[in-house]
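Trainee: Sequence:
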Amino acid sequence: MKTPNFMLKKAVCAVVGHRFVVSKKITSHITEYQCKTCKCELTTTETGHLDILTPEWKEINETLAQLYQKRHAVEQVA
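For the sequence shown, position 72 matches number 65 in the numbering used here, and the numbering has no gaps at all.
Be aware that a few hints might be false.
As the list claims (entries may be wrong) - Listed next, the in silico DSSO-like pairs over lysine-lysine satisfying Cα-Cα at most 30 Å (straight line):
| hint | residue 1 | residue 2 |
| --- | --- | --- |
| 1 | Lys3 | Lys17 |
| 2 | Lys32 | Lys51 |
| 3 | Lys51 | Lys3 |
Keep in mind that the hints were calculated from the coordinates and are not lab data.
Work out the full structure: start from the sequences and follow the hints.
Mentor: See below:
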């Protein structure tokens, strides 16, 4: 059950708008965002649009981050 405080924060965002900040930089093109007020999470999709950060997107982003780090680690050594 959602708390009244959470419901109030969602209402504020519905009226005033979300205040998104970068929560995680996955690659140079993919970023995760979180609203400072209601904690709603979004991510950049492969087309460059923002979409709700679902468990599926989280898994995709984690895999991308690992591949991106490995790729850049190899480039640093070479």
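Trainee: Going through the numbered hints above, which ones does this structure break? Give me the numbers in ascending order.
Mentor: none
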